[in-house]
Amino acid sequence: NAGVTQTPKFQVLKTGQSMTLQCAQDMNHEYMSWYRQDPGMGLRLIHYSVGAGITDQGEVPNGYNVSRSTTEDFPLRLLSAAPSQTSVYFCASASLEADTQYFGPGTRLTVL
Amino acid sequence: KQEVTQIPAALSVPEGENLVLNCSFTDSAIYNLQWFRQDPGKGLTSLLLIQSSQREQTSGRLNASLDKSSGRSTLYIAASQPGDSATYLCAVGDTGFQKLVFGTGTRLLVSP
Chain H
3 NAGVTQTPKF QVLKTGQSMT LQCAQDMNHE YMSWYRQDPG MGLRLIHYSV
53 GAGITDQGEV PNGYNVSRST TEDFPLRLLS AAPSQTSVYF CASASLEADT
103 QYFGPGTRLT VL
Chain G
24 KQEVTQIPAA LSVPEGENLV LNCSFTDSAI YNLQWFRQDP GKGLTSLLLI
74 QSSQREQTSG RLNASLDKSS GRSTLYIAAS QPGDSATYLC AVGDTGFQKL
124 VFGTGTRLLV SP
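For the record, the sequence lines run as chains H and G. Using the numbering used here, you'd call the opening residue of the first sequence number 3 and step up by one each time. Using the numbering used here, you'd call the opening residue of the second sequence number 24 and step up by one each time.
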């Protein structure tokens, strides 16, 4: 039981490049979400999903896309990276029957 | 818009002390409140979850209380240990547990 896994752990991009941050969970959780954490600010919700095929926007969705084709995976796509997207990104999952959220180890992204 | 504040931002105590971390939120219409622990370079670990109908939750040396009417929660750590050194984050489940609004955290250092 690996819990919530995220890849890569570190990534450096140039402005304008695109990439996908991967998130997977093996707990059969319906709910998955992406947060970003910036210095001096709390974690902010980017996008979330309550099941395969269902996604919705959080507080800071601009510049990011998500899709949920399976229960296990919830990738986050940066379409055209900008320096403002330099951050640490966390994926989380939870069962709809229990409220505790489980977080992955994070991806540290730097956009030059 | 819900805002979550944590005071103090940093706290340094000697081993063995009992301590209290504070969390306040602006909108009392919350679904639940969670306390997380974050170690440097790591993800978040859920410590305690309090439903909006509850007043407190306990786990080992940790006790979290919730006063919705005043918009406050406290995390009490008894007999602190160096292993408790970490950043503690408070998060309010706003419109349903899916959307967490985080505070900026309290960085705790427990010295031997």
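Simulated from the structure, these hints should not be mistaken for laboratory data. C-beta atoms are modelled at their ideal positions from N, C-alpha and C, and glycine is treated no differently. There could be a bad hint or two in this list.
[What the hints assert, rightly or not] Dumping the calculated DSS-like pairs for lysine-lysine here, alpha-carbon to alpha-carbon at most 30 Å:
no., chain 1, residue 1, chain 2, residue 2
1, G, 65, G, 122
2, G, 91, G, 24
3, G, 91, H, 11
4, G, 91, H, 16
[Claimed, not checked] Estimated spans, in silico, between C-beta atoms of each pair:
no., chain 1, residue 1, chain 2, residue 2, range
5, H, 43, G, 52, 15 to 25 Å
6, H, 17, G, 42, 39 to 49 Å
7, G, 62, H, 86, 20 to 30 Å
8, G, 79, H, 98, 22 to 32 Å
9, H, 32, G, 132, 29 to 39 Å
10, H, 61, G, 82, 24 to 34 Å
11, G, 50, H, 114, 17 to 27 Å
12, H, 100, G, 79, 37 to 47 Å
13, H, 69, G, 132, 16 to 26 Å
14, G, 82, H, 17, 42 to 52 Å
15, H, 102, G, 43, 15 to 25 Å
16, H, 81, G, 132, 34 to 44 Å
17, G, 101, H, 77, 37 to 47 Å
18, H, 88, G, 36, 32 to 42 Å
Outcome of the hint check:
no.: 1; hint: 65(G) - 122(G); verdict: holds, 21 Å
no.: 2; hint: 91(G) - 24(G); verdict: holds, 16 Å
no.: 3; hint: 91(G) - 11(H); verdict: violated, 38 Å
no.: 4; hint: 91(G) - 16(H); verdict: violated, 45 Å
no.: 5; hint: 43(H) - 52(G): 15 to 25 Å; verdict: holds, 23 Å
no.: 6; hint: 17(H) - 42(G): 39 to 49 Å; verdict: holds, 44 Å
no.: 7; hint: 62(G) - 86(H): 20 to 30 Å; verdict: holds, 27 Å
no.: 8; hint: 79(G) - 98(H): 22 to 32 Å; verdict: holds, 25 Å
no.: 9; hint: 32(H) - 132(G): 29 to 39 Å; verdict: holds, 38 Å
no.: 10; hint: 61(H) - 82(G): 24 to 34 Å; verdict: holds, 29 Å
no.: 11; hint: 50(G) - 114(H): 17 to 27 Å; verdict: violated, 38 Å
no.: 12; hint: 100(H) - 79(G): 37 to 47 Å; verdict: violated, 19 Å
no.: 13; hint: 69(H) - 132(G): 16 to 26 Å; verdict: violated, 41 Å
no.: 14; hint: 82(G) - 17(H): 42 to 52 Å; verdict: holds, 45 Å
no.: 15; hint: 102(H) - 43(G): 15 to 25 Å; verdict: holds, 23 Å
no.: 16; hint: 81(H) - 132(G): 34 to 44 Å; verdict: holds, 40 Å
no.: 17; hint: 101(G) - 77(H): 37 to 47 Å; verdict: holds, 42 Å
no.: 18; hint: 88(H) - 36(G): 32 to 42 Å; verdict: holds, 33 Å
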